[in-house]
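> Chains Y and C, in that order, are what the protein sequence lines are. According to this note's numbering, the first sequence is numbered sequentially starting from 1. According to this note's numbering, the second sequence is numbered sequentially starting from 283.
Note that these hints are calculated values from the structure, not bench results. All figures in this text were calculated on a predicted structure; none of them were measured in a lab. Treat the hints with care, since some could be wrong.
With a straight-line Cα cutoff of 20 Å, these simulated DMTMM-like cross-link-like pairs (lysine to aspartate or glutamate) come out [unchecked claim]: (1) C/Lys476 - C/Glu326; (2) C/Lys403 - C/Glu415; (3) C/Lys469 - C/Glu458; (4) C/Lys373 - Y/Glu192; (5) C/Lys469 - C/Asp501; (6) C/Lys403 - Y/Glu192; (7) C/Lys579 - C/Asp622; (8) C/Lys579 - C/Asp642; (9) C/Lys373 - Y/Glu183.
Footprint (simulated), chain Y over chain C, 3 or more residues, beta carbon under 8 Å [as the list claims (entries may be wrong)]: (10) 367-380; (11) 535-545.
Label-pair distances were calculated between CB atoms; the ranges are [stated by the list, open to error]: (12) C/Gly406 - Y/Trp273: 55 to 61 Å; (13) Y/Arg112 - C/Ser518: 43 to 49 Å; (14) C/Ala462 - Y/Val269: 31 to 37 Å; (15) C/Ser531 - Y/Phe113: 57 to 63 Å; (16) C/Arg567 - Y/Thr119: 58 to 64 Å; (17) Y/Thr119 - C/Ser570: 39 to 45 Å.
We put the CB at the ideal spot given by N, CA and C, even for glycine.
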Amino acid sequence: MSAVTAPAEVARTRSPLRVLAWVRRHLLDAYALLALGYLFLPIAIVIAFSFNNPLGRFNYTWQGFTFHNWAHPLDYPGLSGALRVSIEIALLSSLIATVLGTLIALALVRYRFRGSSTTNLLIFVPMTTPEIVMGTSLLTLFLNWRIPQGFGTILIAHVAFNISYVVVTVRARLVGFDRHLEEAAMDLGANEVVTFFRVTLPLIAPGILAASLLAFALSIDDFVITYFNAGTTTTFPLFVWGSARVAVPPQINVVGTAIFLVAVGGMLVNVVWQNRRARLSA
Amino acid sequence: MTAVGQVSDAVARDEVGDIDIQLIELSKRFDDVVAVDALSLEIERGSFFALLGPSGCGKTTTLRMIGGFEEPTSGRIELAGTDVSGLPPYKRDVNTVFQSYALFPHLTIFENVAFGLRRRKVRGDELRRRVVESLELVGLGGLERRKPRQLSGGQQQRIALARALVNRPRVLLLDEPLGALDLKLRKEMQLELKRIQHEVGITFVHVTHDQEEAMTMADRIVIMNHGQIEQLGTPSLLYEQPRTAFVASFLGVSNLLAGTVTGADRVRLADGTEVRVQRDALGGRTGSVQIGVRPEKLRLDGSESNTLEGTVAESAYIGVSTQYIVNTAAGAVTAYVQNDRPGAQAIPDGSRLTLSWNPDCTFVVDAQEAS
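Using the sequences and the hints given, assemble the complete structure.
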C-alpha cells in the first residue's frame, strides 16, 4: 500500500505550487478578459435589448426575445426622418472635412510657409476644446451673424470639428511618404496633376479612407455641438434624447446596433484591404 | 533586342563628339550654403560620365539640377543645345535612377516600367513589347506581375534602371544607384551597368562618392569638392597626373612630400635630396610645392633615377603585394611591392634601403596650406 500512496503524496505536496503556477500563467488572460468585458458589456447590452419585447414604453427591463424590432426598425414616429438627417449630415460633413483636411495635411507636411508651425499647433485646438464650449460659441457666432439654425449650421459645425481629426490622420500617413516617388513620376513624364492622381493619392488613400470613416463616426453620433446648433432640425442622437423623456422604443437599440455594425464593418473592410495590400506588396 | 538596336542607330546618326549636356556657370545656393559654385562642364554624347566627390561636394545637387528637381540659383543648363534651365522634370528628355530606386510600391513591375511610356501615350502591343524588352535588358524578364517589395535590393535596382531606360532618354542620370547594395552585388552591377551603357549607347551621368566605382565604370570623371571642379579627365589621367593634393589623396593612395622648386624640372625635398619631375607637372610653379608618387611606383632596389634613403618602419603582407612604411628624412613614405616571384622574403623592419622611382611617375601639387 505504502508504495502506491507515496506518489499521491508527492503530487499533493506539489499541488499548491502547481496552482500558483497556473494562476500566474493565466493572470494576464483573466485580466484581459475583465478589461474587454468592461469595454464591451455596454455594447452587448445595447445589442441584446434590440431583441427585447418591452411591455411599456421604456425598453429598460428584459421581457422576452423577439425579432419584431428588427423586422420593423423604423416603426416609430419621427425616427426615420431623424436617422435620414443624421446620415445626410454624416456623409456630407465627412466628405467635405476629408477633402479640406487632406489638403491641409498635404500643405503642412510638404511646405514650410509663414505660420505653418502655428497652424500645426492650432489644428489640435478643436480636438481639445470641450464640446460644450465649441457648441455654445458656434451658436453665438450663428446668432450674431443671423444665420438661421438648422441643417446648414449642423453641417458647418460638424465639418469644423471633423477637419482636425482628418488632418491628424492623413498627416501621419504623409510623414513617411518618400518624396522621391513623386520626383520619379515627374521624371517619367507625369505633370503635377497626373503625379498626384497616379502616385500620391493611391499611396495615401488608406489614410484618407481611415480619416473619412473616423469623421463619419464622429459626426453621426455627435450630440452636444449639434444640440446647440440644430434649431428645429432633429438628428438621430437628438431624437433619442428627446424621446427618452416619454419613451425609449427598442427601435433605438436596433438603429444604434445597425450604426455600430456598419462602423465596425467599415473598419474591418479597411483593415482587410490594407492587410491584403501589405501582403501583395510584401 | 530590337529596341536596343534602334537606340544604337539613333546614336550613330548623331555626329561623334556632340555635346549632350552643357552646364554654364551653374550655381546653387541653399540659404547661406553654396552647394554648387559657378560650375561649367560639357558632357559628350554617348559617354559614361562620373561626378565623383565626398559627401556635400555638390555632386548630387548638380545631378538634381540637370534632372529638373532643383532650380539653379544662377547659370544655365543646356540639353543637346537647348536651354532647359526653367523646365520641369517632365519636359526634359532625361531620366533618373534614384538612390532609393523610388519604385512605385502600389504598381506592379510591369506598370512601374510602363509608367513613362503610358505618359507618352504608348499603348497596346508596342507598350508590352518595350516593357518586356527593357526588363530583358536588365536580366529580369518574367517578373512583370510582382510588386516592388517582393524583389531583392539588387533586383529593385535593375527595375529602376529598366524603368528609366525604357523611355530611351537622351541622358540617363544615376544618383549613387549602387550605394545600398552589398559589396559583391555592387561589383557585379558596376560591370553590368557598363555593359548596358555600351549596349544602349545613351549618355550616362553617374554620381558617386566611391572612387573605385567611378574608375571602374566611367570614361571620364569629374572630381568635385566644395561645389567646384577639382579636376576632369579619364580615370588614368586623374590617377597618374592629379593636379591637386585633394585629387591625389581622394583617388587612391599618394605619397606627398614637401619641397622647393630649384629648376625647370627639379624639386629639392626637405632633407636636401633633389629629384626630377615631369616638366609639365611643374606647370611653371616656383617656391614651395609638394611632389607626389603613387606607392606602387616605388622600387626598393634603387634602379630608378629619383632616389631617397630610408629605414623600413613597418611591413604588412597583403597577398598581391607587400606594403612597407619607410621613414625617410623627407617624411614617411608608403611603398607597395608586387609579390610576383616565388619565395620572396619580406625585408625586415629596421633595414636601410634606397627608394627609387621614375621622374615621369612624379606629379606636383601645390604646397600644403598652413592650417
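> Please go over all the hints and tell whether each is borne out by the structure.
To see whether the hints hold, each was checked on the structure:
no., hint, in the structure
1, C/Lys476 - C/Glu326, "16 Å, holds"
2, C/Lys403 - C/Glu415, "18 Å, holds"
3, C/Lys469 - C/Glu458, "14 Å, holds"
4, C/Lys373 - Y/Glu192, "12 Å, holds"
5, C/Lys469 - C/Asp501, "17 Å, holds"
6, C/Lys403 - Y/Glu192, "17 Å, holds"
7, C/Lys579 - C/Asp622, "15 Å, holds"
8, C/Lys579 - C/Asp642, "10 Å, holds"
9, C/Lys373 - Y/Glu183, "13 Å, holds"
10, 367-380, "holds (count 7)"
11, 535-545, "violated (count 0)"
12, C/Gly406 - Y/Trp273: 55 to 61 Å, "31 Å, violated"
13, Y/Arg112 - C/Ser518: 43 to 49 Å, "46 Å, holds"
14, C/Ala462 - Y/Val269: 31 to 37 Å, "36 Å, holds"
15, C/Ser531 - Y/Phe113: 57 to 63 Å, "44 Å, violated"
16, C/Arg567 - Y/Thr119: 58 to 64 Å, "59 Å, holds"
17, Y/Thr119 - C/Ser570: 39 to 45 Å, "59 Å, violated"
Hint compliance for this structure: hints 11, 12, 15, 17 are not met, and every other hint is.
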